[in-house]
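Chemist: Starting from the known structure of chain A, arrange chain B with the ligands on it as the hints suggest.
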Amino acid sequence: MRDADGFGRHPAHNRENGSFRTRAPGPESSSGERSRLSPQLLAQSRPEAGDFCQTRRVFGALIRIDSVTKRYPDGTVAVDRLSLEIPDRAITVLVGPSGCGKTTTLRMINRMVEPSEGTILLDGKDIQQQPVNTLRRSMGYVIQNAGLFQHRTILDNIATVPRLLGWGKERSRARARELMDRVGLDGTLARRYPYQLSGGQQQRVGVARALAADPPVLLMDEPFSAVDPVVRKGLQDELLRIQEELAKTIVFVTHDIDEAVKLGTMVAVMRTGGRLAQFAPPAELLTDPADAFVEDFLGTDRGIRRLSFFTAAGLDLLTAPIVAVDATAEQIAARDTADVPYLLVTDLDGRPLGWAESGELTAGSIETDRLLPHGRPFAAGTDSLRAALDCAVLSPTGWAVAVDGEGRAAGVVSQQTIAEAIRGAHANSARTTQKVAP
Amino acid sequence: MSGLFDMPSYLEYSYFGLVGLHLREALIPVLAGLLVALPLAQLCVRVRWLYPPVLWVTTILYAIPSLAFFVVLIDYTGLSETTVMIPLAVYSLVVLVPAIVDGVRAVPQETLAAATAMGFGPVRRYLQVQLPIAAPAIIAGLRVACVSSISLVSVGMLIGNQGALGNMLDAGLKYDQPRLVWLSVGGTAVLATAVDAVLIGLRLLLTPWMPRGARTPAVKEATG
Ligand SMILES: Nc1ncnc2c1ncn2[C@@H]1O[C@H](COP(=O)(O)OP(=O)(O)O)[C@@H](O)[C@H]1O
Ligand SMILES: [Mg+2]
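Chains as they are written, first to last, in the working numbering: chain A, 1 to 438; chain B, 1 to 224.
Everything labelled a hint here was simulated from the structure, so no lab data went into it. Please note: incorrect hints may appear among the correct ones.
[As the list claims (entries may be wrong)] Sample of chain A residues lacking proximity to chain B, with all beta carbon distances greater than 12 Å (derived): (1) Arg89; (2) Glu117; (3) Thr160; (4) Gly398.
[To be verified] Derived contacts from chain B toward chain A, CB cut-off under 10 Å, selection only: (5) Val107; (6) Ala113; (7) Thr116; (8) Phe120; (9) Gly121; (10) Arg124; (11) Tyr175; (12) Asp176; (13) Gln177; (14) Pro178; (15) Leu206; (16) Thr207; (17) Pro208.
The structure displayed is predicted, hence computed values, not measured ones. Glycine included, C-beta positions come from ideal geometry on N, C-alpha and C.
Next comes chain A alone, as it looks inside the complex (with noise of 0.2 Å):
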């Protein structure tokens, strides 16, 4: 591939374990009907999107939300004609100012809180008419501070849901260490009490625990607010690993858009007073915010984060001005061209040292010491221009350095050439709007 490929790809993904998620397909209309067309209308609309061949998957809308309005007892509209199609096996994200109406909207998806007008559908049918808590108990629930039970073990904890449902207590507890796996937790936990966890140990016990029954439904709020960004950002790492094997529909509140536009597969944007400001897909929402609103929640980076759904991988990476630290005379003269003014010197298993000036450098005599920084590299095959761009902003050169898997040099590349590739994309980008626009 030479040009940037478009939207589709998931940032984390590209960089964690290389591998693509299944996303709903993001239409780049302009057109103000695009929050309400469902993903599955939109896929059946752009089959000629090549980019989004990872996105097979036909979704249905496993839960709609039609025109609900939550007013309560002392009269605060928390939620006001609020519609959504939540997509099947996909993340879908509620977020929004604090006060917006998220906990409450979530809440009505089980029931906790009755809507005061309109119908939550759940496959097609009404939540009104099924008994509550059989309603609850197909749904996983997890919250800020996990709101574990202080009173019993981990193993407990996990196996609440199955033991409700009447499975063994053997059983169950099986079941409650093979999550504690999933989750990453250490089997040695299971005897353990929560006070006895990290608060990062005890999400993800609230995350076992609310996949025990194997719910096709997971609703969470705010579930990774109150841990420490580090601990933050292994936890969605694992939400999404885990998504990509279980596949469920979830549900995901956070007042924090990067994590919106990091797990959502559907990111729908919620204002004061409770109502959707935009429903769509995280690159959608960088590239076409609906409204002021939209643009300012997004905050001032929008053109950079946006970059994150761009690959790097059809950058134009120059391969030349690249010497072994054993080079040669002849070589490095061969390499020191008049484009370059720098040298990148790689160790003899060809991993980036650092950037020598143009005629600086004397064959068998390098000094890699003296060498300037290359800074931290990108991956040539996975990462995002984002990343690229980074990378070359950081360089003291304003060369960006790209490796292989195994961290060798695979060629250099100029903030220029970056900028070029990002005009691309957005061209591209733009064209393939102009296919789904009416």
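Modeler: Just chain B with the ligands now, with coordinates in the frame of chain A:
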């Protein structure tokens, strides 16, 4: 040493017989009080406005002297153990009801929300989540109720030989026998301490999930 624990025949019991009687007259009322307090407290938790009036009533009942209770009750239950135990059961409510209500209310909102979200009905949630988590507070209430009940049993001597160790105290004072006075006071104190120790042990047994100082340091996040 023979004779230290010998009792005069008019006390009708051996020393350890009196201790057993004392224990029974003190603890059965607390148990009865607990059985009344549990549903009453649950009612107060569910119907919030009910809690203050219920508290007033228990406090007022507590303020009624036991003698007044006896006068009323003698017509119905005579000069029996029951007449001593009914006021004691009523007194225990003043400690037990707030202990249970506050204990149950102190269960974190997240925990309750999580239980509801997982499909616990209200009864199951009360029995399997709220009560166990409130156990330390309830046992703390029981400790106060038991100790105060043990010391209050002695007033039973007022209605003729229903005060157990209190009767012994009465006899010791009347007939100028310091040995009986000391045996009575010491016995009551030992009894109260022993019952308290048993309840502390019970709490430790029931709540392995409570943090105990720095004995078991929390495991720090290693997995990121
Ligand atoms: N039980 C309640 N009674 C009255 N008002 C409530 C209740 N719960 C939430 N609210 C109000 O409804 C609005 C939305 O709350 P919530 O759904 O918790 O928002 P978010 O989760 O987005 O922060 C807020 O203004 C909040 O004060
Ligand atoms: Mg909330």
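Chemist: If a hint holds in the structure, say so; if it does not, say that too.
Modeler: Right, here's what the structure says about each hint:
no. : hint   : result
1   : Arg89  : holds (21 Å)
2   : Glu117 : holds (23 Å)
3   : Thr160 : violated (6 Å)
4   : Gly398 : holds (33 Å)
5   : Val107 : holds (9 Å)
6   : Ala113 : holds (6 Å)
7   : Thr116 : holds (6 Å)
8   : Phe120 : holds (7 Å)
9   : Gly121 : holds (6 Å)
10  : Arg124 : holds (8 Å)
11  : Tyr175 : violated (54 Å)
12  : Asp176 : violated (55 Å)
13  : Gln177 : violated (51 Å)
14  : Pro178 : violated (50 Å)
15  : Leu206 : holds (9 Å)
16  : Thr207 : holds (7 Å)
17  : Pro208 : holds (7 Å)
Of the numbered hints listed earlier, those contradicted by the structure are 3, 11, 12, 13 and 14.
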